[in-house]
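A.B. asks: Please model the entire structure based on the sequences and the hints provided.
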Amino acid sequence: MSNTVTNVVIAGLGGQGVLKASDILAEVAFRAGLDTKKSEIHGMSQRGGSVNSDVRFGSNVLSPMIPSGRADFLVVLDGDQVDVNRHMLREGGVLIDPDKIDVNALANRRSLNVAMLGILSNHLQIDLEIWLDSIKANLPEKLHDTNIEAFKTGRNAAGD
Amino acid sequence: MVSDDTTPAERLLLSGNEAVARAALDAGVALGTGYPGTPSTEILENFSRIGGLAQWAPNEKVAMEVALGASFAGARTLVTMKHVGLNVAADPLFTSAYTGVTGAMVIVTADDPGMASSQNEQDNRHYARAAGIPMFEPSDSQEAYDFTLRAIELSEKFHTPVFLRVTTRICHSKTVVIPTCSVPAPQKPEFIRNIKSRVMIPAYARPAHKRMRERLTQITDWNERSNLNQTIKGNDDLGIIATGISYAHAREAAPEASFLKIGLTWPLPIKTIENFTQSVARCVVIEEGDPVLVETLLAAGLKVEGKDPMYRFGELDVGRVRRILSADTSPEPAPAKGKPPQLCPGCPHRTGFEILKKLNCIVPGDIGCYTLGVLPPFEAMDTCVCMGASIGVGLGMRHVLPDEEARRVVSVIGDSTFVHSGITGLVEMVYNPPKTGHVVLILDNGTTAMTGLQEHPGTGRKLDHQPTNQIIFEDFAKSLGIERVEVFDPTKEAEKFERALAEALKSGELCVIIARRPCLLAVKKIREYEKQAAEANAHE
Ligand SMILES: Cc1ncc(C[n+]2csc(CCOP(=O)(O)OP(=O)(O)O)c2C)c(N)n1
Ligand code: SF4
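Which chain is which? The protein sequence lines are A and B, in order. For what it's worth, the working numbering labels the leading residue of the first sequence as 6, then goes sequentially. For what it's worth, the working numbering labels the leading residue of the second sequence as 842, then goes sequentially.
There could be a bad hint or two in this list.
[What the hints assert, rightly or not] Estimated spans, in silico, between C-beta atoms of each pair: (1) B/I1111 - A/H149: 34 to 42 Å; (2) A/A112 - B/R890: 25 to 33 Å; (3) B/L1139 - A/E134: 53 to 61 Å; (4) A/D132 - B/P1172: 45 to 53 Å; (5) B/K1319 - A/A112: 20 to 28 Å; (6) A/L137 - B/K1333: 26 to 34 Å; (7) B/L894 - A/D107: 32 to 40 Å.
Read the hints as simulated data drawn from the structure, not as lab findings. All values reported here derive from a predicted model rather than from experimental measurement. The C-beta atom is built at its ideal place from N, Cα and C for all residues, glycine as well.
C.D. replies: Have a look at this one:
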């Protein structure tokens, strides 16, 4: 049963939009009709401490938390947070770290979180339309353009 | 709002907190009250956002009393708090089990095993047994929705307050919810006098206690016959009894096992459980926190095993459940060390801690963002126990320390915390003044920052940020007869602030110093609310 579940850990520091990114990803999976669970610890995150969020989707998801060593993807928004989260990745799992994106290519650095989802999207078989709709559903209208740009930058940057 | 069979079912992705709020709305809850506290805070915020009437009370005790009054009057109510909040509300709680309620009263206790954002990891399942109040424990957002409705139903059927116990992973995890509400429409509130069940003088309380115990017996029968406890047939070698989030972890850890998931966990459906234990060769209880369930089952003579005491600490997860099942007590790998939270750069609390450190103060502290003043580079906090304790603890120290040490003691408390439970401490200071005097420093950043920027009675705005009456701390302190009351902007008037604190310590008087400057994350929002209020005024 568990082999039909995709596990994504998103990690970074408070204020980087880790939770926003995981909200968007969870909504993408949900809109694609999959059973979806998302879990995180928040509270006190505004003071720049470590934040991570687990997103799981598939035919039937049980625990909302990804067991250590079982993440298929580890998306990290801050370079220093790679090592503390690496243990979550399974053998052969994919690490998506901020080196994969040139932040200067983004209209706004704050949309790094969404740009990273752009990279991730290349690995998942989900319609582009659903990604764009979910981004819009989770952000105020005035941020739609920059974030959709950022998403596409990420989606096109995938040089791994 | 009863669902119409012809429309396709709505399918939502909700956090546990959102699901509770949605259920409360669908069931026509007339009033939601509470006090912020991670992980419960978003329940009332969401209830308000989707159209419910939700209010922050000054603290959990008042919140529960307001909810109790509304349910005496026949309304459906929801009262929310974090686990330690229930300690504050424990006094009305225990006696409300005697008085019972007329409309529904659902008490949400949000526990925090692992202490993601709390000062202890107390297990509030003990309260259900101690107070004689039924308790539901959802295992995902769907059940958070469904059990809120069932709790309302049970509360009205048996005229009892009912607990909904959630934990951090239920509150803050999003899972799929199909909301279907079958609860009949609420009654219209009206006052019906019922002195013998609501006035707890001993003569009326003695029979009320007996009624409460009889009610629990009836609810036990009801629970045995209900569909709240789910059996999942797997193989006969291993049976697992689980509740709440532990159920989700255990299903993943041992997919082949047989399961009994208990939904109404107090009073327990002992016969159902006994039947289950007899259907399997080995029966393990998987529960997070204290061994509450396993000890009750063992006391009832059932053949079950629990977990090694090492798993009493912290949250459970799939890996830890596997270890429990294989009785693995080898040391666990240390959790990955992330970056700890810090006061934001430019946080108005910073100046205060710099000064306290410089003046070598002894600092009984309190709970809020400012508790981070304990970490380097400040290390300017000496105690932190519970909300409001800074003042009492500071006074206690002042009473017994040698004079030269007593004179260094400053109680430090945030604005929301001051309203929550610092007010009675200030009264104590006036009533039993230490001979060296005392200094209370209120760090007033105009919000409840720690839990995500909630309003409180000192901000002059309600939960939905609409204007209301404002408590002015300096006027309040002066009204108690405290003469030395000073207010500073800690950033703009740092030097004056430091001088005033040094003089206050020397003076031997009772002093209140208020450092007032809005939290950096709140400042823009506060300006916006003030602008909206001014515009609304201009239109009148
Ligand atoms: C009894 C109880 N209720 C709620 C909480 C959660 N909580 C911790 S601190 C705090 C208030 C913080 O606000 P404030 O005192 O204004 O300090 P700030 O975070 O703004 O610096 C709350 C609600 C708690 N720890 N204990
Ligand atoms: S959230 Fe506000 S009060 Fe808390 S550390 Fe940041 S600036 Fe200070």
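A.B. asks: For every hint, state whether the structure bears it out.
C.D. replies: These are the hints, each one checked on the structure:
At about 56 Å, the beta-carbon gap between B/I1111 and A/H149 misses the expected band of 34 to 42 Å. At about 30 Å, the beta-carbon gap between A/A112 and B/R890 stays in the expected band of 25 to 33 Å. Roughly 56 Å separates the CB atoms of B/L1139 and A/E134, a value that falls within the hinted 53 to 61 Å. The hinted range of 45 to 53 Å is satisfied by A/D132 and B/P1172, whose Cβ atoms lie roughly 47 Å apart.
Between B/K1319 and A/A112 the Cβ separation comes to about 53 Å, which falls outside the hinted range of 20 to 28 Å. One distance hint, 26 to 34 Å for the beta-carbon pair A/L137 and B/K1333, is violated here, with the actual separation near 46 Å. Checked against the given bound of 32 to 40 Å, the beta carbons of B/L894 and A/D107, roughly 50 Å apart, lie outside it.
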